[in-house]
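Chemist: One letter stands for each residue in the lines below.
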Amino acid sequence: MENIKAIIEALILASEVPVVLEKICLVLPEIEKTQIKETLDNLMAEYNERAGGICLQEVAGGYQFRTRPELGHWVKKLKGTKPASLSLAAMETLAIVAYRQPVVKSEIESIRGVDVSYLLKGLLEKKLVRIVGRKDVPGKPIIYGTTKKFLEVFNLKDLSELPTLRELKELNEPQETSEELSGS
Amino acid sequence: MFMNEEQTTDYAIKLDIFEGPLDLLLYLIKKNEIDIYNIPVALITEQYLQYLKMIKSLNLDLAGEYLVMASTLIHIKSRMLLPEPEEPEEEEEDPRAELVRQLLEYKAFKEAAANLSQRPILERDVFTRAAFLPEEIEKLPPGEEELIEVSIFELIEAFHRLVTRIDRKELLEIDLEKMSVTDIINDILERLSNEKNLTFEELLGERKERWRVIYTFLALLELIKLKMVKAYQTSAFGVIRIFPAVES
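Protein sequences appear in the order of chains E and Y.
The first sequence runs 1 to 184 under the working numbering.
The second sequence runs 1 to 248 under the working numbering.
Please keep in mind that the hints were generated in silico from the structure rather than gathered at the bench.
Glycine is no exception: its CB is placed at the ideal position from the N, C-alpha and C atoms.
Among the clues, some could well be false.
Here's a subset of chain E near chain Y, in silico, CB distances under 10 Å, partners left out [unchecked claim]:
#	residue
1	L11
2	L21
3	N42
4	L43
5	M44
6	R50
7	F65
8	R66
9	K79
10	G80
11	K149
12	L159
13	S160
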């Protein structure tokens, strides 16, 4: 068989979305999953060592080629586009959803101290936030969570890669955790 | 009164950057180099109310939340003024505790948001190969494929795509034909009873005048709201198909 590393590299390049390990395994059924994972790690290390314009990144549970972050402004020049950036308020709302999910609007509002309906709508439209379900309390409020696109946009492998909240630890509040919610 | 002189300078510039009452409080705490665990409530309340006055005098819309916070501050201030009981029966909580908790929590998320913004963000700092998004995925016979319920946003996007495509063809249009959304609703229902499902474009048929597209879209939204039809697609960016909802 040809070089496995080369095959995997080709698969990642040819994919429009981050390729998950399982999908590579489907293409290469005769190769052990652990071996594929190992090859992926090697490949990532190679790209890192080379320190070129391309990075092999783990995002949203898969693997994807991305340009090196330091080179961003060059690529932007090429594309000539200005990315639609989120307002401070939208970022705060998104951060609360990301860390507190599954979360309902009233919880977000009690943290931010202001109405967030408009901001949530914007985040839903941008597909960074999604409706996860409805909470089983009076009024059946909508439960929000982040999307896969959120992970892709913020270059996150998964939610556990979010840095831990610093000051919340100091609070040590028992009511910290809201009731566990079903549906994810 | 004692802080008036130094206060007046930075009002105007700072006003619009506050994200809410908690943000304003954090700003005041930072500005006065106050220990967040030991807030001098009288001082902060006074400065806070001055800001509110400023906002009002500028005729800016004041969110109700700012006033709620003002009353909370005044309430805390008054509680702090009460003499402490000689023998506290049970350990009384500092009247500021809840506010401090809220401030710390908000501050933590503010920082988390700042951290998120500093990550290598897609299309800002990092780029992937441009994804190829086919304008319309081939028509698939429904039934064999897994169907995904279409979200309202996708429906609106589909509508938008259609309208922009039509607008390219006809820029000027004068139409005197009269039809109501109700007529179109009836028309859609009738056609759906004959055929199992229809795409949005098929619903329009050959007559793609702008008003008809808009009316059809409105009719569709109404029907979906009334749960008389359902919109499905087989994949993201796929063709949206309208199915009659099974009546019980």
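Chemist: Indicate, hint by hint, whether the structure satisfies it.
Modeler: Against the structure, the hints come out as follows:
1. L11: violated, 13 Å
2. L21: At 18 Å from the nearest chain Y Cβ, L21 of chain E fails the 10 Å test, so the hint is violated.
3. N42: This hint is violated: N42 of chain E lies away from chain Y, its Cβ roughly 21 Å from the closest one there, beyond 10 Å.
4. L43: Because about 16 Å separates L43 of chain E from the closest Cβ in chain Y, which is outside the 10 Å limit, the hint is violated.
5. M44: violated, 15 Å
6. R50: violated, 17 Å
7. F65: Where the cut-off is 10 Å and the nearest Cβ of chain Y is about 7 Å from F65 of chain E, the hint holds.
8. R66: The hint holds - R66 of chain E has a Cβ within 10 Å of chain Y, the shortest such distance being about 4 Å.
9. K79: Because about 8 Å separates K79 of chain E from the closest Cβ in chain Y, which is inside the 10 Å limit, the hint holds.
10. G80: Status violated, d = 12 Å.
11. K149: Hint on K149 of chain E: holds, closest Cβ of chain Y at ~9 Å, below 10 Å.
12. L159: violated, 12 Å
13. S160: violated, 15 Å
Checked against the numbered hints given earlier, the structure breaks hints 1, 2, 3, 4, 5, 6, 10, 12 and 13 and satisfies all the rest.
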